[in-house]
Each structure stands twice: as structure tokens, then as C-alpha cells.
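K.L.:
As a plain string of letters, each chain reads:
Number of protein chains: 2
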Amino acid sequence: MNSLDQVKWDRDGLVPVIAQERDSGDVVMFAWMNREALALTIEKGQAVYWSRSRARLWHKGEESGHVQQVHEIRLDCDNDVVLLKITQHGHQPGIACHTGRHSCFYQRLENGVWQSVEPVLKDPASIYAQQA
Amino acid sequence: MNSLDQVKWDRDGLVPVIAQERDSGDVVMFAWMNREALALTIEKGQAVYWSRSRARLWHKGEESGHVQQVHEIRLDCDNDVVLLKITQHGHQPGIACHTGRHSCFYQRLENGVWQSVEPVLKDPASIYAQQA
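So the protein sequences, as listed, match chains A and B. For the first sequence, the numbering used here gives the first residue as 1, with consecutive numbering after it. For the second sequence, the numbering used here gives the first residue as 1001, with consecutive numbering after it.
Looking at chain A on its own, in the form it has when it is part of the complex (with noise of 0.2 Å):
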């Protein structure tokens, strides 16, 4: 059976992903792929997701340069949630949130406070200006 096949894509034919950087542990971002992301970001060794919002493939740094290397890719017991072991390339540290952070999950819950714990590492104007 096609490794794809296994997977079970849920109702939307989407698998949840996590992003982990290999070197750090971090886990740096979460996002869905559909059935063609998986298999682009098989066959590029770069992380291709599908974007719910735009409802379109998603080369991850297609317009930031902040590309997702993959190393591994790993499934879930269930077959439905894949984990990513990435590089996070275009920045240093690497930068994989759009607000320009190094992780997408820098809130952290304080006092029953959701507080950003996490530096802006560079102005998302800049990262996504290339693209005018």
C-alpha cells in the first residue's frame, strides 16, 4: 500500500502536522496538509502544507525564504497527525511564526494570562516585504 494511503486524512481530506526543529527540540509551528502537501514535501524535502485560510498549497518560506528542511517524517499510532523533524532555514535563530518569532507557540499561559514570552526576532514588514 502507498505510504499515503495510510494516512487517514480527516472529513476536509486534511492531516494535522507539527513542525519540530531537529537540533533544538522546539516545536516551532503546527499546520495541516492535504494529500498533495504530503507528497510535495516528500518528494522536495521541504515542508509544503495546505493553507485553510487561502485554500491553496503552501510551500512553507515561499515568500519569507524561511524554508523547513525535513529530515523525518513521522505518524501518529492512529495514522492521522504527522510530526515533522525540520531545519528551520533563512534566519539565525530560525524564524518559523509570521509575527517574526522562532516558534509559533510563544504565549504562555501565566495567572491564567495568555503572556508572550518570546522576542520578535525580526520585523514580519521585513520578512514579507520581498514579496511586493
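Worth flagging that the hints you see were computed from the coordinates, not collected in a lab. Even for Gly, the Cβ is constructed at its ideal location relative to N, Cα and C. This list has only true hints and no planted wrong ones.
Cβ pair distances, simulated, as ranges: (1) S1126(B) / A55(A): 44 to 52 Å; (2) M1(A) / M1001(B): 44 to 52 Å; (3) A55(A) / K1008(B): 13 to 21 Å; (4) D1023(B) / P93(A): 15 to 23 Å; (5) G45(A) / A1125(B): 33 to 41 Å; (6) N1079(B) / G45(A): 27 to 35 Å; (7) S1126(B) / S24(A): 29 to 37 Å.
Taking beta-carbon pairs under 10 Å as the criterion, some of the chain B residues facing chain A (in silico): (8) P1016; (9) G1025; (10) I1042; (11) C1097; (12) R1108; (13) V1117.
Dock chain B against chain A, hints included.
P.N.:
Frame of chain A, contents of chain B only:
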């Protein structure tokens, strides 16, 4: 605003949750929470999920004893994904997966085939026998 109100619950009233071991950095599990599950997780300091298959709250470890102590709760940039930093109790090393493995993400794509690359640490039959 209440911290729970800031979470963007999906059309089913759920949010995806990633459980990462604080000390090892390993991503060990992926599950879902509804509002009540997240409230209970905050209250207990232990992970409480929403089981979609059983359509009920699921205090992780309630049957296996493999509870997840929650050290940190993070929210992503879109307010629609939660990351838990946990300690997996009940066995050393921690067993998060119902198959008796450390992590649910034990299948790795190798030359187009999903290979199981993590050992079963404990027979699931013996993990869940205590509930009988």
C-alpha cells in the same frame, strides 16, 4: 477577557493539543480539548483531553495510571493550537502511547514505507488490565 475565551475553538468546539515532554523535548502525543477539558487541565495541573472517539472527557492516565503532569501551557499565534510541556508519569521512561510506546509518533517514513522505530516498553494488555 477570560483566557479560555481567547482560544479560538473550532466548529466542533475543540482545539488541537500537542503534548511535549519538558525534559526530553520529545513530542509524545497529539489530542484534542474542548473548553471544559482545558479548564480542568488548568485546575488539576494534569492533562485532560476530549476523546472524540468516546465523545467524553478523558483524564489521561485515568485507566493506565500514566498521567501527564502539566508544567506549561502555550498557545500559538492564531490562538487555535495548544502546546503542553509535560512530565509523563507512571513508567520510566514515560509511556504516552496506548501501544505501550514512549511516543505516539513511532512510525517513520523510510524509502516510502512507514516503519515502527520505537520499542514497546510495556505490553498494553498489562497497562490496561487494572481497569478490569
